[in-house]
Amino acid sequence: MFVLEAFAFIDAAIRPSRAFVAADKQTKQFWLVLIGLSSLVTLWFGPLGLFGLGLVGVVAASVYLLD
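Per the working numbering: the sequence shown = residues 286 to 352.
Calculated directly from the structure, the hints in this document are not laboratory data.
There could be a bad hint or two in this list.
[As the list claims (entries may be wrong)] Now the in silico label distances, taken between C-beta atoms and shown as ranges:
{"hint": "1", "residue 1": "Pro-301", "residue 2": "Leu-351", "range": "15 to 25 Å"}
{"hint": "2", "residue 1": "Val-344", "residue 2": "Asp-309", "range": "13 to 23 Å"}
{"hint": "3", "residue 1": "Pro-301", "residue 2": "Phe-330", "range": "31 to 41 Å"}
{"hint": "4", "residue 1": "Trp-329", "residue 2": "Arg-303", "range": "26 to 36 Å"}
{"hint": "5", "residue 1": "Ala-307", "residue 2": "Gly-331", "range": "34 to 44 Å"}
Yeah, the Cβ is synthetic: ideal placement off N, Cα and C, and Gly gets one too.
Take the sequences, apply the hints, and build the full model.
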């Protein structure tokens, strides 16, 4: 789970900000904060820790990558 989130975070970090706006997506900063925080939660508490936020992070990373 953490590897998927880390990959999505790195991918979002290397993409130019213009690409997010051009594709009518959320901003680059939005995705970096969302995926970054969820990656930290998964790393610290495990996939089901802290009220299942690890699973929320996987969903967020998957939506980013599939979108």
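Hint by hint, here is what the structure shows:
1. Pro-301 with Leu-351: 15 to 25 Å: The hint (15 to 25 Å, Cβ to Cβ) holds, given that Pro-301 and Leu-351 are roughly 20 Å apart.
2. Val-344 with Asp-309: 13 to 23 Å: holds (20 Å)
3. Pro-301 with Phe-330: 31 to 41 Å: holds (33 Å)
4. Trp-329 with Arg-303: 26 to 36 Å: This hint holds: roughly 33 Å between Cβ atoms.
5. Ala-307 with Gly-331: 34 to 44 Å: holds (37 Å)
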